[in-house]
Amino acid sequence: MATQETAASGVAPAVRSSQSAQRQVRKKNQRLGYLFVAPNFIGFAIFTLLPLVFAFAVSFAEWDVISGYDGIKWVGLKNFGTAFTDGNFWGSLRLTLYYAGLGVPLTTAVGLMIALALNGPIPGRSVLRLVFFIPFIANTVAIAAVWIMIYHPRYSPLNTTLRSLGIDDPPLWLASSQWAMPALIIMAVWAGAGYASIIYLAALQSLPADLYEAADIDGAGAFQKFRAITFPLLTPTTFFLLVTGFIGASQSFGIINLMTGGGPGRSTTVVSYYIYQNAFQFYRFGYAAAMAWLMFLLVLLLTLGLWIFQRRAVTYD
Amino acid sequence: MLSVMPNARVRRKGTSRRVQTRSDRSRWLAISIVMWVLALLFLTPFVWMLVSSMKRDLDVFRLPVTWIPDPFSFRGYERILHGKYAFHLFLTNSLIVAIARVVGELTTASLAAYAFARMQFKGRDFLFLLYISTMIIPYQMLLVPRFILYRQLHIFDTLWALILPGIFTAFGTFLLRQTFMTIPEDLSDAARLDGASEFQIYRQIILPLAKPALASLAILAFVWSWNDYETPLVMLTSESNFTVPLGLTRYMDEQGGYSPSLVMAGAVASIIPVFIVFLMLQRHFIQALTRTGMKG
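So the protein sequences, as listed, match chains A and B.
Position one of the first sequence corresponds to residue 19 (the working numbering), numbered consecutively onward.
Position one of the second sequence corresponds to residue 3 (the working numbering), numbered consecutively onward.
What the hints contain is simulated information worked out from the structure, not anything from laboratory work.
Hints may contain errors.
Stated by the list, open to error - Between beta-carbon pairs, the in silico distance windows are: (1) A:G281 / B:S135: 33 to 39 Å; (2) A:A193 / B:I274: 30 to 36 Å; (3) B:I101 / A:G94: 42 to 48 Å.
To be verified - For the chain B half of the interface with chain A, some residues (derived, Cβ under 7 Å), not all of them: (4) M51; (5) F63; (6) I150; (7) P167; (8) E232; (9) L250.
To be verified - Counterexamples of contact, computed for chain A against chain B with all Cβ distances above 10 Å: (10) V93; (11) L95; (12) K96; (13) T100; (14) G105; (15) L183; (16) D187; (17) P188; (18) P189; (19) A193; (20) Q196; (21) A246; (22) G323; (23) R330.
Bear in mind that the values here come from a model prediction, so they are computed numbers and not experimental data.
Every residue, glycine too, gets a C-beta built ideally from N, C-alpha and C.
Looking at chain B on its own, in the form it has when it is part of the complex (with noise of 0.2 Å):
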């Protein structure tokens, strides 16, 4: 899937085949040995949980451990379909988020980054270089200053807490520009001179091209907010907002007894959506780390 591959193994084949001797060979097959081993040591915490989501609750805490539930049971998950926590209403809040945000920071992010990479216009590279500056900002500093500005709002504990400062990103803005940045002006001036303005050079040419760039943000927004659990535990109260993170931790302390069965249901759904996701996109989703990664 990656290109790695077949380049590390024309290297191995054509360059090193003196060096391809039978302790090579027993070298690898020692480490790929190590490495199947060490993930199914990375599996098992996803292991234990999805077993214990389909055991009895008085199963999963008794000795000795065992691997395959006896009997199934599916308590925990008919609980987070039927039980006191509505989970479809959590599921709910968060694709609304999810959604919200990864089409808001989308448009916002990609109108400006056309104006930084290829407009010109006073202070713009002040401008960029202010919103460059604030990605070095911890999350931390704008947590006290956003709940109090977000009662001042009147957004706190609403879904809007979520969505607004996700769809306004320096992140966003400063990962499309850099792509945008790429594409030859040349494109730009000839749709000029065909009397295109440009908006619609955005709209038509700029865009398009930068499909991969759009989807790698695009895929990024959702996962980050599908998984943020602190913004939601600082801005919502009710839970009828919750989102999947937040609304889990209800199953986790809820009173009357814990319940290992229905915690590691709501556990293995919360999850499913964004493997889903990221099975479907595993190129793009791999793309867009390392788009990032290599920013440094």
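Excised from the complex, chain A in its bound form (with noise of 0.2 Å):
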């Protein structure tokens, strides 16, 4: 690295006397441009262009699959419409938005208040953030094979503990339909916390000391240090962990999958899950594909509505 700097700076004065011949040769290799990119590009047209033109394209239509290109039904809007009169659809994204909602707001503000308490003096600091940060890199089925276990209405570590704790009617947990969301809104709290709090504690690692120190002159307390400094400074990271927790949130349907089928009855279909459930268990390719649209535009507007309310309450200088 140093020397190749150093070898920088000694041809610095040649290279801008030739400027005008390199552009030239740029130019000329233009078409070596392409070659670089082509292998990517090939595959991302084949993989996620031409894919989106399918399910542009499929949205339109009625189709099993199976069938073949035969049965390919082209019927217009009528997908989008269906979508606007299936009871089971608003039902799911009202799941959508209860389980993202509440899960992806928890889940940062437990990663943000790890991620402050990491920043200070604590002993054994490492190993605190290994252990909080084990559940985002263990698998959904190994997650979701144990929780099964730990949310057993019975025979569970959490249900005897509650009981000893005087609780005599514990929540049944997964097989309640009431209690079904907030379990898995729990898990997903468990599991997302500390991705939140590593991201939460790169950004506290770049607020200016100095902003403190005059806060520390004024004799500010540390919850009004935090309150007028840290979480302030603190926003485009709390946005963008907000962000993409509900991109994630509302797009994962295998944890759902693993942990309750989309029930009790219909209690944790979510808008995901029934995506999933239309194509590949009822074969509805075509809604399925109005409906992941549908969900996308959706989720773009809670982004715009978001980024717009962000910009809205800070004003970095």
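Make the complex out of the two chains shown on their own, each in a separate frame, by following the hints.
Here's what the structure looks like:
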């Protein structure tokens, strides 16, 4: 690195004098640019762009895929119309809002608390950070497998503890249509807080120390400093975590598939799972594609809304 | 490990000596205790997983709950190694997919990123915009058309269905492009004067300088590939192609009785490889996350 830098500064004057010559070389090398992009672009076109065009087309059709191209029935906007009158679709949107709307802010808040604590003088910080982070690197299936056991109504460490604390009638968790969603949210917070705290810790690191010095001189307390300095300066990070959190939470159907299968009843059939069901269990691919577009639009609107809110809430200087 | 800590400590000692009173110290003691209790709570599911994997099936669901297996039993581990559903096969599949994805993605993404960051060609900016705009498209939307496409390409229910899309990602290209942009153009110009070709500059100057970013991408790609459950769920049907997470579901809904120790042994075994990678490369891993995290 060091030798390269000296080499570069050594030739710098020569570089400037021959810039026009180089520009010509670069022009000649235009074709080379395409050559560099090509390997990635060809795959990108096949596996991302083409499917997008497909997704668009399929949303105007009724198709079960299995019957081949002859089975395609073009139905225009019917799938979108169906979605608007489908009570289950609206219900699943409401449940997504419940799941993400409660789970994501909670995860972010717990992550922030952990980060603030780990940023202070706490013994064994690096061990703690590791512990909070482990859920993030574990795969969904392993996580689901152990939480299914933890949420066992009777023989689990969770409910036996609750009972010993004097709660005679602890929740039935996944077996109860009322508690299944809170159970999933608790899991989501557990799984995601460590990641949020890592992102927050990095942001805390880059906060300017002089603001805190000034606050100290003014005799500000810890909470005042948090309210007036830390939290406002962390807004971009909070925004990032909320947006990516909402996007992630509105898309994941794996954990639902493993833990509840959308039940009991329809109590955990969030929209991502409903789309998955329609495509791969009911073979209504057209309808699934149409709902995926609608979901995308909603998430996009939500992101824009959050973005505008963030812009209004924060002035950076 | 992270430089957060020395910073924080310096700030505390240097600037707030006045505030470093007894009440301040006792407050941090209280926070420390709360954090350690919280950490233990966070760890509990994994402890339960480990403990249950070493119990006999009949001891797992027995009251009162015990945290030390009595007796210890390694039946679960024996069964994932020699049982009906071959764990080593899932492991091999997962490794093949993960390694192919990491190598493939690093290669194609770094080439494309080099062109986007350091070369001039017509339509470059439009193409790059196209790349990043696909990054906000939900995975769900691609699932149905990819399912259809893979059947046409005859890669449905093969490991290719997991490998190929993982190689050509907009995300990897974007991540590396951002890093390549920060490398001074003078370095390339100097090499050009010495008669180096673009490929030589890419290979001998840019790639070595971008090692941390390449490592970040490699780690993220490995962990995502390893932990992916939803793609294999939709794209694979033959058990011989299953990757570890999907294979694990086989243990969960085994016919003729669900065996908790078997499932937990499988869960432990599925986490260990990623955990080892994480422990070895913790610093890089955290860098990778913050690198992508700051780009909000």
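Now for the hints, and whether the structure bears them out:
At roughly 37 Å, the beta-carbon separation of A:G281 and B:S135 lies within the given 33 to 39 Å, and the hint holds. Between A:A193 and B:I274 the beta carbon distance is about 31 Å. The supplied range of 30 to 36 Å therefore holds. Look at B:I101 against A:G94: about 46 Å separates their beta carbons, and that is inside 42 to 48 Å. At a threshold of 7 Å, the smallest CB-CB gap from B:M51 to chain A is about 4 Å, leaving the interface hint in force.
Because the closest C-beta pair between B:F63 and chain A is about 4 Å apart, less than 7 Å, the hint holds. With a cut of 7 Å, the hint placing B:I150 at the interface with chain A holds, because the nearest CB-to-CB distance is about 6 Å. Hint status for B:P167 relative to chain A: holds, with the closest Cβ pair at about 4 Å, below 7 Å. The beta carbon of B:E232 is positioned within 7 Å of a beta carbon in chain A (closest approach about 4 Å), and the interface hint is therefore held.
Checking B:L250 against chain A by beta carbon gives a least distance of about 4 Å; that is within 7 Å, so the hint holds. Every Cβ of chain B is farther than 10 Å from the Cβ of A:V93; the closest lies at roughly 16 Å, confirming the non-interface assignment. The claim that A:L95 lies off the interface holds: its Cβ sits roughly 18 Å from the closest Cβ of chain B, which is beyond the 10 Å cut-off. Consistency note on A:K96: stated as away from chain B, and its beta-carbon is indeed over 10 Å from all of that chain's, at 17 Å minimum.
Against chain B, the non-interface label of A:T100 holds: every CB pair exceeds 10 Å, the least being about 16 Å. Even its closest Cβ contact with chain B, about 21 Å, leaves A:G105 beyond 10 Å, as expected for a residue assigned away from the interface. Every CB of chain B lies more than 10 Å from the CB of A:L183, the least distance being 14 Å, so the non-interface label holds. No Cβ of chain B comes within 10 Å of the Cβ of A:D187; the nearest lies about 17 Å off, and the non-interface call holds.
With a least CB separation of 13 Å from chain B, A:P188 remains clear of the 10 Å interface cut-off, as annotated. The Cβ of A:P189 lies farther than 10 Å from every Cβ of chain B, with a closest approach of about 17 Å, so its non-interface assignment holds. Distance check for A:A193 against chain B: the nearest CB is about 15 Å away, which clears 10 Å, and the non-interface claim stands. Remark: the non-interface label on A:Q196 is consistent with the geometry, its nearest Cβ contact in chain B lying 23 Å away (cut-off 10 Å).
No Cβ of chain B comes within 10 Å of the Cβ of A:A246; the nearest lies about 16 Å off, and the non-interface call holds. The beta carbon of A:G323 sits about 15 Å from the closest Cβ of chain B, which is more than 10 Å, so the claim that it is off the interface holds. For A:R330, the requirement that its beta carbon stay farther than 10 Å from each beta carbon of chain B is met, with the minimum near 17 Å.
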